[in-house]
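Engineer: With the hints as extra help, turn the sequences into a complete structure.
From first to last, the protein sequence lines stand for chains A and B. Going from the first sequence to this note's numbering is simple: count from 1 and add 4. Going from the second sequence to this note's numbering is simple: count from 1 and add 46.
Derived by calculation from the structure, the hints in this document are not laboratory data. Values in this document were obtained by computation on a predicted structure and should not be read as measured data. Don't be surprised by glycine CBs; every beta carbon is placed ideally from N, CA and C. Check the hints yourself; a few may be wrong.
Cβ-to-Cβ under 10 Å is the rule here; a few derived chain A residues that face chain B [stated by the list, open to error]:
#1 85
#2 86
#3 87
#4 97
#5 140
#6 178
#7 179
#8 182
#9 189
#10 334
#11 336
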Amino acid sequence: MNVLALDPAYIGGFGLDEALILIVKVVAAFAMLMVAVMLMIWFERKLIGDMQNRIGPALAGPWGILQTMADGIKLFFKEDLVPARSDRFVFKLAPYLSLVPAFLVFTVVPVGGNFTTGDGTVSWWGNTTYLQVADPHIGILLVLAMSSMAVYGVMLAGWSSGSKYPLLGSVRASAQMVSYEAALGLSLAAVLLQSGSLSTHDIVADQSGYDWNLWVTGIVPFVVFLIAVTAELNRPPFDMVEAEQELVGGFHTEYSSIRFALFFLAEFMNVITMSAIIVTLFLGGPDGPILVEGVDWLWGIIWFFLKLMVFLFVFVWLRATLPRLRYDQLMDMGWKVLIPLSLGWLLFLGALSIGRDRGWSEAVVIVVSVAALATGGLVLRTAVRAGRAQRQADEAGETADRATQGGGRR
Amino acid sequence: MEIAVFAVCAAIVIGGALGVIVTRHPVHAALSLVATLFGIAVLFLTLDAQFLAAVQVIVYAGAIVVLFLFVIMLLGVDRVENLRTEPLGGQRPLAAGIGVAVLVLALLFTIAASSGGFGGDTVATGRPAAVAPEFDSCTAVPKALEGSGAAVACDGPEPISNIRQVAWWVFTDYVWAFQLTGLLLTVAVVGAVVLARQRGGADDETGEPVPDPAPEAVG
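Structural biologist: Set out below in structure tokens:
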């Protein structure tokens with residue numbers, strides 16, 4: 005089982021015990037994610053209700069907590085429509101292309117284990133294992149791979165609907181997600197440089213004892229990652245993909261019934277898994293103080309979920325408070341701010357680590373690299389300004405041309 | 047187990063490849079291509095080349111085919127092609143002949159190489175196998191260099207990881223190939239930007255002599 009890799013449970017061969025552990029893990033992760041999505045939708049609606057000074061869902065169950073269940077049942081029994089002009093096969097395939105990557109990302113997240121005083125393993129009936137479904141060698145690259153797969157769901161859904169608003173939504177979505185993937189990868193590379201491993205377990209173990217990447221890599225990669233993830237998730241303020249005021253419902257306009265529910269599920273599942281990835285990469289995953297000895301594995305889970313809650317709250321908060329960006333602002337921010345910033349920061353961290361390896365003076369390294377990066381930033385800024393000025397001049401010239409030509413013909 | 051995985055993946059790869067050339071719809075062809083790329087990624091995994099597998103999915107399936115689809119969607123070429131017209135006479139039989147010839151040659155070469163016909167001890171890269179240094183099973187750094195600061199300590203049950211090996215080769219023996227590829231891609235990007243900018247300017251071509259409009263037009 006080289007593919008599932010680093011989990012110590014699989015080292016002594018793969019027998020019935022290991023298979024059972026794997027099945028239990030998969031089922032538990034799936035159930036946890038489903039319940040979490042249900043609660044997340046309720047949480048978001050309730051919180052937005054509070055922030056907008058209204059009550060939010062209140063009727064189904066205590067505090068409206070069963071609202072998602074009610075909606076799910078309703079959607080399940082609605083009529084399933086497939087538009088006449090749609091590409092039927094792709095139209096039916098697209099929701100699953102959204103949903104499956106969202107779940108797969110969660111498999112590499114370590115949700116518990118004692119990383120503070122132990123090595124993050126737990127023992128189940130004599131089998132030592134990690135509290136994560138799989139810990140492949142490529143670890144975090146799986147997250148990148150799956151988030152690039154998620155583009156297909158949105159893109160094909162819009163295209164296959166055979167209708168113009170979904171098509172516009174999906175064109176926007178694919179451009180946006182491909183653009184922000186670069187910033188996502190570059191800010192992630194800073195974390196990888198720090199921990200020296202792609203495996204999520206190693207990344208978390210590297211951060212134990214409060215050496216969280218949030219401050220070890222400087223705050224910049226974290227901020228870039230958070231923004232890029234928000235864009236990648238198509239969450240407000242980056243939800244041009246489904247801008248209700250412009251595109252009806254964006255890529256899922258033509259979807260109804262259970263297929264729509266699948267998109268909805270995937271969207272919220274993505275929010276949860278990406279928050280979990282942020283916690284894993286930057287906040288030490290399950291790292292935290294162990295308050296009661298004896299049940300130390302439990303504290304990891306508790307800390308993990310508390311940190312997760314913080315990010316879930318942040319995403320809802322962003323949605324409730326920030327207005328939507330314009331499309332050109334979005335692209336400008338991705339290409340001209342986030343990518344250069346994360347690339348520059350990555351180079352800076354690289355210089356620091358080489359300097360430390362070679363025993364160079366820290367201060368000199370910092371001064372030189374900051375000077376170099378500042379020069380680069382200045383050049384970039386000049387280039388961007390010059391480009392913009394030229395474009396504006398071109399546009400002005402064109403309109404002037406048209407005016408003179410029109411005059412000449414007359 | 048390995049045989050089963052290989053069989054399934056090979057079926058996906060071949061099926062996808064057939065789909066690319068058989069389906070009449072460009073979008074379906076692109077999706078078949080994705081299936082092929084995925085199958086190849088899993089094949090990489092069975093060969094313990096995890097990094098290649100991940101990069102295969104991220105770069106090819108995640109970026110390149112997405113761009114294909116993007117262009118198909120934007121240009122609206124998602125219509126069924128008319129296969130009756132043939133822009134170049136005799137192109138199809140020629141293509142078939144060349145394709146078969148290449149296939150036969152590749153097969154012959156593979157069979158000859160795998161039976162040791164070409165001087166035996168070379169691996170697929172053409173590098174003599176004896177030159178490749180022995181990797182430490184833990185740090186994946188060539189044994190000769192251990193203790194020189196290049197070795198990264200590792201503890202725990204981590205088996206040898208192919209990612210470290212790839213990194214090692216890319217930044218030592220193949221550093222020039224790696225850097226030149228990067229340069230090539232940068233040149234391509236700059237070229238694409240220049241072309242795109244020129245096409246934006248080409249709108250002026252209708253009124254090309256900007257300073258003085260054609261005098262006869264005035265008359």
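Engineer: Does each hint hold? Answer for all of them.
Structural biologist: Consistency of the hints with the structure:
1. 85: violated, 21 Å
2. 86: Violated, about 17 Å.
3. 87: Hint violated; residue 87 (chain A) Cβ to chain B Cβ min 16 Å, cut 10 Å.
4. 97: holds, 8 Å
5. 140: Constraint on residue 140 (chain A) satisfied, holds at 7 Å.
6. 178: holds, 5 Å
7. 179: Check passed: Cβ of residue 179 (chain A) comes within 7 Å of chain B, closer than 10 Å.
8. 182: holds, 6 Å
9. 189: Hint on residue 189 (chain A): holds, closest Cβ of chain B at ~8 Å, below 10 Å.
10. 334: The hint is violated - residue 334 (chain A) has no Cβ within 10 Å of chain B, the shortest such distance being about 16 Å.
11. 336: violated, 16 Å
Hint check: violations occur at hints 1, 2, 3, 10, 11; the rest are consistent with the structure.
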